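S.K.: Whole structure, please, built from the sequences with the hints as guidance.
Protein chains in written order, with my numbering: chain A, 1 to 393; chain B, 394 to 756.
Hints listed in this document are in silico derivations from the structure and should not be mistaken for laboratory results.
Values in this document were obtained by computation on a predicted structure and should not be read as measured data.
Backbone N, C-alpha and C fix where the C-beta goes; we use that ideal spot for every residue, glycine too.
Careful, some of the hints might be misleading.
What the hints assert, rightly or not - Rough simulated footprint, nothing fancy, chain A against chain B, three-plus residues with beta-carbon under 8 Å:
1) 495 to 506
2) 529 to 538
3) 556 to 563
4) 696 to 707
5) 725 to 731
6) 734 to 747
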Amino acid sequence: MTAITHRPLGGKIVTKPFLILGLFLAIAAYFILRRFLFGMGDVSNMSNGYPIGTWVVLDVVIGTAFGCGGFAMALLIYIFNRKAYHPLMRPALLGGVFGYTLAGLAVMIDLGRYWNAFNLLLPWYAQPNSVIFEVALCVMAYITVLWLEFWPAFLERMPSEFKQRYRLDKLQAFLKRYMYVLVAVGVLLPTMHQSSLGSVLLILGYKLSPLWNTIWLPLLYLISALAMGYAVVMLEATLVNRAFKTPSEVALFARLSRVAAGLLVGFLVLRWGDLAYRGHLGLAFAGDWDGNLFLIETVLFLAPIFVLLSRRRTSQRWQFLGAVSLLAAGSLYRLNSYLMAVQPGNGWTYFPSAPELIVTIGVICLEIMLYLLFIKTLPVLQDHTAESHGRPS
Amino acid sequence: MSMNRRQFLRGAAGAVAAAAAAPVAEAAAPFAPREPKQLPPKAIGMLYDSTLCIGCKACVAACKEANGKPVEQPQHLAAWNEGTWDAAEDISGKTLNVIRVYQNGAMAEKDREINGYAFVKRHCLHCVDPSCVSVCPVSAMQKDPQTGVVTHNPDACIGCRYCVYGCPFNVPHYQFDEPLGRIAKCQLCNHLLKENPLFSSHEDSPKVPATTSATALWKYSRIPACCDVCPTGASLFGWVEDLQAEAERRLALKPGEMYEFPRGLLGGDRPTHNAPVGEYQPHVYGEKESGGTQVRYLTGVPHEKLGLPKLPDHSFAAVSEGVQHTLYKGLIAPVVLLGGLVVLARRSAKGDEAQKKEEERPS
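M.R.: This is the structure:
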């Protein structure tokens with residue numbers, strides 16, 4: 001195995017898709033401005049029955065799971081020493097960088113008293129019993145670690161005279177030497193906060209259906225984060241491969257898909273086993289809102305298992321569909337447990353308003369725009385020109 | 394490589410199977426809820442007797458005045474007057490206390506479930522083991538270690554609204570219509586109580602004998618506005634243990650029997666309200682619910698009908714903290730995990746370098 005080199009994809013930055021994404025972002029920016037001028041009620045349908053809306057659930061709870069590609073790949077490549085997957089590492093990391101950074105941005109839009117956000121870092125305000133406190137600190141630390149892990153991509157791009165003048169070559173060497181520490185921290189932190197995103201829900205008690213509310217929420221959230229991490233790597237790579245006609249990595253993904261499928265099997269066994277153990281299996285087949293949501297989730301989780309374990313996993317189309325189904329399943333699981341299966345009582349209902357959704361979509365558009373910008377200008381994707389089996393793009 | 398992969402998968406599958414089998418084997422023992430919290434030594438609270446309430450809403454008006462909250466008028470009631478009449482339908486960012494009505498069928502008789510009606514007061518119940526305090530990441534929600542009053546500090550608050558999300562009674566409310574909104578909740582008129590030297594450690598306060606007699610309380614400070622103005626004694630302030638004894642006394646009485654109901658403050662010197670005893674549900678709501686609350690309810694119709702949810706005897710905060718404390722006790726698990734990860738990542742990094750050197754040598 002040769003050492004992997006990366007290179008910028010190049011090409012025009014301001015393309016038609018880029019402009020369309022930018023348009024969505026501009027509309028979102030208008031509503032974000034309104035939120036700060038007139039309050040959250042002006043743009044969102046959040047209420048005191050449903051104080052957590054799409055901004056947190058889509059951009060943070062689901063958004064960070066989409067950002068778990070870096071976490072999942074680092075675990076596989078560096079901790080379980082599966083070097084074959086190395087070409088997937090840097091693009092996955094970049095997905096994580098933006099998934100998490102923009103989740104942080106969404107939180108700042110969503111915080112009702114954002115000017116006090118710094119209090120999270122002041123020791124005299126710390127509240128270690130709070131799960132949210134743990135999530136907040138962990139995510140902040142992880143965003144820092146992700147940027148540091150990605151930093152070599154910037155350094156490689158810089159002219160060497162510039163690096164020498166500012167002693168950045170020393171930094172580069174230092175980062176390279178101690179990258180394994182960063183990698184270890186970068187696996188620990190998501191393990192902690194992704195499981196804690198599940199623990200957060202334990203406080204809901206009777207408000208959350210027993211189909212979701214279990215003491216195993218932290219483990220279920222952790223497994224779903226890893227599985228979604230692998231799926232998002234497959235999805236991103238397939239899209240990049242199709243859009244920019246880079247050599248396909250189908251064979252590599254055929255192997256990766258078995259890891260993802262294994263995680264899903266574990267997830268379903270734990271979930272259904274726990275449900276049976278607590279004697280709530282009947283709720284799944286009650287035919288009501290909660291029961292049906294639960295069954296839809298299960299079907300979406302089962303579909304990728306069959307696709308990814310069958311012979312079809314070597315087909316790019318089926319890999320793609322499997323990854324999409326897995327991401328849909330994981331997203332629905334998170335959406336249900338945070339919002340759709342939550343019943344605060346008292347006649348409260350919630351459906352996001354259009355401006356509220358546009359803010360969420362705008363954040364996602366910004367994420368895709370930055371991803372495109374970075375893979376075109378920075379050495380993120382594997383350099384195939386150096387390999388014999390590579391084909392010119 | 395394929396051998397390794399198979400081994401890896403087998404290992405992963407084994408780990409998952411073990412994790413799945415664990416709950417069956419150990420009945421989730423490692424995640425036991427943490428110890429329940431006890432009622433604080435000088436716990437103060439309220440007893441709300443729904444059968445005494447006449448729905449006059451004097452408490453709602455007094456609460457607004459005492460806490461500087463504006464008149465609230467829902468849009469669909471705007472036609473009724475020019476905005477002078479407070480018509481809050483539920484607690485909100487502008488209303489800390491409200492009287493709600495239960496209506497059924499013909500509404501012929503008060504405190505009857507079928508074809509009847511009943512009143513219920515809604516505000517913070519000041520839990521013994523509050524979820525809002527447990528979830529707050531910046532200690533903005535505090536429970537006074539002496540009086541047990543649950544207070545909120547807007548200067549600490551970041552507005553994440555997990556207190557709203559987690560409260561089993563849906564009490565804290567965020568002001569969504571304000572650009573600089575804050576969390577609003579009943580703080581048991583803590584600003585009035587603070588003048589009481591029994592509760593504050595303030596040096597300038599006049600010294601009072603170290604007594605727990607309610608009369609002393611009454612003499613040296615004001616009591617929560619809602620209890621202060623209640624004409625029938627439906628809202629009664631006092632020490633939680635005394636209030637519980639009073640509630641049990643009422644439950645032991647025969648319905649229809651005349652009884653001297655205290656007003657304002659239990660054990661105070663206000664004239665009592667002589668009235669027939671109502672037909673109570675045989676249950677003091679708040680004695681055990683969610684690990685106990687310092688505001689307790691006596692009602693004529695089942696409490697679920699009045700929006701007081703059926704809750705287990707433990708607080709959900711105890712469940713959540715039980716899990717969290719198991720995983721993060723002394724940060725041992727994260728540190729051990731980090732150590733393992735560093736070793737593995739280092740081994741894999743060194744392997745890389747060795748390989749690279751080997752490859753470079755021949756060339």
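S.K.: All the hints need checking, so say for each whether the structure fits it.
M.R.: Verification of the hints:
Beta-carbon proximity to chain A at under 8 Å applies to 0 residues in the segment 495 to 506 of chain B; the threshold of 3 is not reached and the given coverage is violated. Here's how the segment 529 to 538 of chain B fares: 5 of its residues keep a CB closer than 8 Å to some CB of chain A, so the rule of at least three is met and the hint holds. Coverage of the segment 556 to 563 of chain B by chain A holds. Counting CB-CB distances below 8 Å, 5 residues qualify, and the rule asks for three or more. Against chain A, the segment 696 to 707 of chain B contributes 5 residues with a C-beta closer than 8 Å to a partner C-beta. That satisfies the three-residue criterion, and the hint holds.
Under a criterion of three residues with beta carbons nearer than 8 Å to beta carbons of chain A, the stated coverage of the segment 725 to 731 of chain B is upheld, 3 such residues being counted. With 10 residues having a Cβ less than 8 Å from any Cβ of chain A, the segment 734 to 747 of chain B passes the three-residue criterion, so the hint holds.
Going through the hint list in order, the structure does not satisfy hint 1, though it satisfies all others.
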